[in-house]
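So you can see what is in the structure, the chains are spelled out below.
2 protein chains.
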Amino acid sequence: MIDTSITVEKLKNAAKSDNKQELIEELNNIHYADLSEVFLLLTPEERLEYFELLPEEKAADLMEELNPQIQVELLDSITQDKAARIILHMPHDSVADFLADLSDTESESYLAKLPSRVSSQIRELLSYDEESAGGLMNSEVLRVNESMNVGDTLEYIRKMAESERVDFYYIYVVDRTNHLRGVLSLRKLITSPSYIKVEEIMATDVIKVNVTDDQETVADTVIKYGFLAIPVVDDYNKLKGIITWDDAQEVSEEEATEDFYASSGITTDIDEDEILLGRISQSVRARTPWLFITLIGEFVAVNVANHFNYTLEALPIIAIFMPLLAGLGGNIGTQSITIIVRGLSTGQISLGSSIYHVFRELRVGLLIGLLFGVIVALTTFIWKGNYVLGIVVGLAMIINMTLAALLGTVTPFVLKKFDVDPAVASGPFIATTIDVLGLAIYFSLVTVSLRYMS
Amino acid sequence: MIDTSITVEKLKNAAKSDNKQELIEELNNIHYADLSEVFLLLTPEERLEYFELLPEEKAADLMEELNPQIQVELLDSITQDKAARIILHMPHDSVADFLADLSDTESESYLAKLPSRVSSQIRELLSYDEESAGGLMNSEVLRVNESMNVGDTLEYIRKMAESERVDFYYIYVVDRTNHLRGVLSLRKLITSPSYIKVEEIMATDVIKVNVTDDQETVADTVIKYGFLAIPVVDDYNKLKGIITWDDAQEVSEEEATEDFYASSGITTDIDEDEILLGRISQSVRARTPWLFITLIGEFVAVNVANHFNYTLEALPIIAIFMPLLAGLGGNIGTQSITIIVRGLSTGQISLGSSIYHVFRELRVGLLIGLLFGVIVALTTFIWKGNYVLGIVVGLAMIINMTLAALLGTVTPFVLKKFDVDPAVASGPFIATTIDVLGLAIYFSLVTVSLRYMS
Chain A
129 MIDTSITVEK LKNAAKSDNK QELIEELNNI HYADLSEVFL LLTPEERLEY
179 FELLPEEKAA DLMEELNPQI QVELLDSITQ DKAARIILHM PHDSVADFLA
229 DLSDTESESY LAKLPSRVSS QIRELLSYDE ESAGGLMNSE VLRVNESMNV
279 GDTLEYIRKM AESERVDFYY IYVVDRTNHL RGVLSLRKLI TSPSYIKVEE
329 IMATDVIKVN VTDDQETVAD TVIKYGFLAI PVVDDYNKLK GIITWDDAQE
379 VSEEEATEDF YASSGITTDI DEDEILLGRI SQSVRARTPW LFITLIGEFV
429 AVNVANHFNY TLEALPIIAI FMPLLAGLGG NIGTQSITII VRGLSTGQIS
479 LGSSIYHVFR ELRVGLLIGL LFGVIVALTT FIWKGNYVLG IVVGLAMIIN
529 MTLAALLGTV TPFVLKKFDV DPAVASGPFI ATTIDVLGLA IYFSLVTVSL
579 RYMS
Chain B
129 MIDTSITVEK LKNAAKSDNK QELIEELNNI HYADLSEVFL LLTPEERLEY
179 FELLPEEKAA DLMEELNPQI QVELLDSITQ DKAARIILHM PHDSVADFLA
229 DLSDTESESY LAKLPSRVSS QIRELLSYDE ESAGGLMNSE VLRVNESMNV
279 GDTLEYIRKM AESERVDFYY IYVVDRTNHL RGVLSLRKLI TSPSYIKVEE
329 IMATDVIKVN VTDDQETVAD TVIKYGFLAI PVVDDYNKLK GIITWDDAQE
379 VSEEEATEDF YASSGITTDI DEDEILLGRI SQSVRARTPW LFITLIGEFV
429 AVNVANHFNY TLEALPIIAI FMPLLAGLGG NIGTQSITII VRGLSTGQIS
479 LGSSIYHVFR ELRVGLLIGL LFGVIVALTT FIWKGNYVLG IVVGLAMIIN
529 MTLAALLGTV TPFVLKKFDV DPAVASGPFI ATTIDVLGLA IYFSLVTVSL
579 RYMS
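First to last, the protein sequences are chains A and B. What the first sequence shows, in this note's numbering, is residues 129 to 582, in sequence order. What the second sequence shows, in this note's numbering, is residues 129 to 582, in sequence order.
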C-alpha cells in the first residue's frame, strides 16, 4: 500500500512542470485502486487534468473504483466519444451501476454511443433491481457447450483469455439454448485428457442463484462456500451472468455498514456516500427519523417522571441518580443487542438457538447487575449516609441492568422472527425503552420506601 | 443454501435406523460448509457419531469450518492416528490455527504423529503472531524457478493440480534460494508460447506483504486490489506463503465484528466464540471493563447534578427533563461516531479529510439541534405553561445535540491520530461525556434563569 498524501504531493509537483511526461509516468506507476484514493484528495480541475492523461484501459479501471459523484463529474467533462470508449473497457455490471445513478435522458445518451450488442446487454442489467443478483452480476461469462471436449475448451479459453474482460475461475457448461448444465473447474479441465467431453467431467450439482435473489443472500452464499464466483440463472435455468467474490465482498462490507448505521438509528434508505459527502439536507434526512422516535420515547419517560412529581418534590435528591441508572442500563442493553444482531448477521447465531442466548444473556445481565448494584448501593450509602436510599438505588440498578440485557437479547430475535431486519430499530428503540422502564421502576421503588428514607 | 433445521431432522431420522447406509448417504449429500452449521445444532454424541461416518477428506474440510471448541471435542474423541490422518488433509494454516488454541503438550502430541516435513512447516506457522500475516498464511504455494519456460510450468501446474492442496490463482516465480522475483497470472501463462522463459513474461512489481504485517492491513490490501491471493515474504524477500481472498474476507468480517463489539464497550481481547458460546464468566469479563468506566463517568454526572441540589430543591420539576436531554444527545452523538468510525475503518474517510467532516457534522448537529430544540421548547411551554422553562429546555437541547455531534466526530479522529483504534472507547465514552456535559449545561441554564421561572 502507498501513502496517499505523499503520492498527491508528488503528482502536484509533477503537474507544475511544463513537460507532461513526468506526470504521465508518475500516473502510470500508480495502481488504479490507489489512484482512486488519490483522486478523492484532488480538486475537480486536477482530477480532470490527470484523468485525460490516462490510457483508456486504465481510465476504465479507475472509473470502476470511483464513487458515483466523481464518475459523473469526469465523464461529463470529456467528449462523449471518449466517454463511450472508456465505458467499453469497463465490465458491464460497473457500467450499469454508473448509468443507474443518472437520469434516464443522460443514461440514454451514453447507451446510444455504444455498440448495440453491448447496450442491449447493459439495458438488460439495468432492468434488474439494483439490490438483486441481476443488478450485481456481470453478464460476460465463460460458457462452453456440453458437447465440447477438453482440448477444444482449453483452446477456447486460451483465446478468451487474451481479452481481459472474462474471468475464467470456473467454466460453465450450457446446452444449445443456454440452460445451465454443469460447472467445470480449471483444475479439473487441465488435469483431464483432451478427448473427453466436458459433460462427462463437469459437476452437475451446481450451487447457483436466481436473478431476483437478494444481493445479501447471494453474498452470504459466495462467502460461506468460499467460491471465486457463482452463476446466476433466470426462472428457466438459463445462464444470465456470474457474481465474483469481490462483488460479494463489497456487498458484505456494504451490509456491515448498513448494520452499523441502522444500529445507531441512521436510515439506510439513503446512500452511504450521500451521508458522508453529499448534501447536508440528505444527512439530516438520514438521521432525523430515529431521533424523532427517540424524542417521542423520551417524552414518555418525561411523563413517567412527571407522574411521580409528588415523590420528586418530597425528596428532590433522588433525581441525581437518574443518569446513573439510564447510562448503565443503556450501555449493557446495547452490548446485548450488538452481540445478538452481529451474530444473526454473520450467521453464528440462528433463531433456533434463541432460547439458549436469551437465558445466557439473562444470567450475564443478572451477574453484572448484582455486581454493579452492590457497588452503587454501598457508594450511595457511604456518600449520603442513608441506607434505605442505598438499597433503593442498588436494587433499581440490578433490575434495570438485568432487564436491559434481557430486552436487548429478546428484541432482535422477535424482529427477526417477524422478518424485520434486527439491526434496524434495535439500538435507539431499546435505549429509550430502558429509559422509560428504568425510571418507572426507580420512582416506584422510591415512592414505596419514601417514609423510611427521611 | 439449505434449511439447517430441516437437514438436522432428516439426519436424526436416518440415524435412528439400524442400517447406517442411509445416514452415510444423507451426510455425503451435504456440503461441508452446510454441515458445519448442522453440527452446531447437534449434541456432542450425535456429532461424534456422524463425524466418524465421514470420509477423511470431507472430515478435514468440515474441521476447517468448525469452531475451536467443537474441533477439540471431535479430535479428542477419535483415535490419535485417525486424527493425524484427518489433519494431514487440512491446509497447514488451518492446522496451525487449531493447534494454537491447545496447550503445548496437547499440540505436541498431535505434531508428533505427523510426518516431520509437515510438522516442521506447521511449527514455523505456529511461531508467528496469530494476528500477523505469518499467522494467517498458507505455506503451500505454487512456485516455479525463474529459469523455467512456459511449457514446463504448465506441465508442472498440471501435476500439482491433481493434489487438491495447492491453489494456483497466481504462479510465483522465485530464484534458486527462494527469493520472490515475480508473479505470473494463469491468464498470461496460457496465452504465451511454450518456449518463453517465465522471467520474461512475469510481472516484477509484485504487491506483497511481510510475515510480521498486521492481518488487518493484509486483508485491506487483498480486498482493495481485488487480488485472489497475495504473497507473504520475510525480511530477506524469501517467499514464505500466500494469503487467499477467503482468508482476507474472514479477517475483514472478524474486524467488523470487533468494531461492532468495541463500539458498544465489549472488550475485543476475548474471542467472539467465547462471548457467544463459552463460559459465562468470560462473557462477564468481556463486558464489565467498559461498564466500570461508564459507572465512573455516571458518578461524575451524579456529582454534577448533586452540585445543583439547591436548584433542584427550588424547582424539582426540572429533573423530569433530564432523560430527554441525555437520550437525544446520546443518540445523535452515537450516529456521528458510527459514521466516522465506520468510514475510517472502510477507508472512505481518512485523517486528511478530518476538518471537512468535523465542519460537516457540526452543521448537521446544529440543524438537527435547532429543529429538536424548537419542538421541545414549544411542547414544554404548551404543557407546563411556563415559557422560560420552555426556552431553557429548548436551548439546552440545541447546545447538547450540537455538542454531541461535534464530540462524536472529533473523538474518533483524535484517537486515530494517536494510533488508538477509534472503535474502542468511542461509544460508551462519548455517551457518558455527553451525559456529564449535558447535565452541567442544563442545570447551569436553569440556575441562572431560576428567578424568572416561578
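One should not assume that every hint holds.
Copies of one chain are not kept apart here, so a pair can be met inside one copy or by any two copies together.
In silico BS3-like links for lysine-lysine, alpha-carbon gap of 27 angstroms or less [to be verified]: (1) K366 - K512; (2) K316 - K287; (3) K325 - K144; (4) K366 - K325; (5) K352 - K138; (6) K241 - K352; (7) K366 - K148; (8) K144 - K287; (9) K325 - K287; (10) K144 - K316; (11) K325 - K148.
In short, the hints are calculated from the structure, not lab data.
Outcome of the hint check:
no. : hint        : result
1   : K366 - K512 : neither (76 angstroms within a copy, 68 angstroms between copies)
2   : K316 - K287 : both (19 angstroms within a copy, 11 angstroms between copies)
3   : K325 - K144 : neither (61 angstroms within a copy, 42 angstroms between copies)
4   : K366 - K325 : within (21 angstroms within a copy, 42 angstroms between copies)
5   : K352 - K138 : between (42 angstroms within a copy, 22 angstroms between copies)
6   : K241 - K352 : neither (40 angstroms within a copy, 31 angstroms between copies)
7   : K366 - K148 : neither (50 angstroms within a copy, 38 angstroms between copies)
8   : K144 - K287 : neither (44 angstroms within a copy, 54 angstroms between copies)
9   : K325 - K287 : both (19 angstroms within a copy, 21 angstroms between copies)
10  : K144 - K316 : neither (54 angstroms within a copy, 38 angstroms between copies)
11  : K325 - K148 : neither (55 angstroms within a copy, 36 angstroms between copies)
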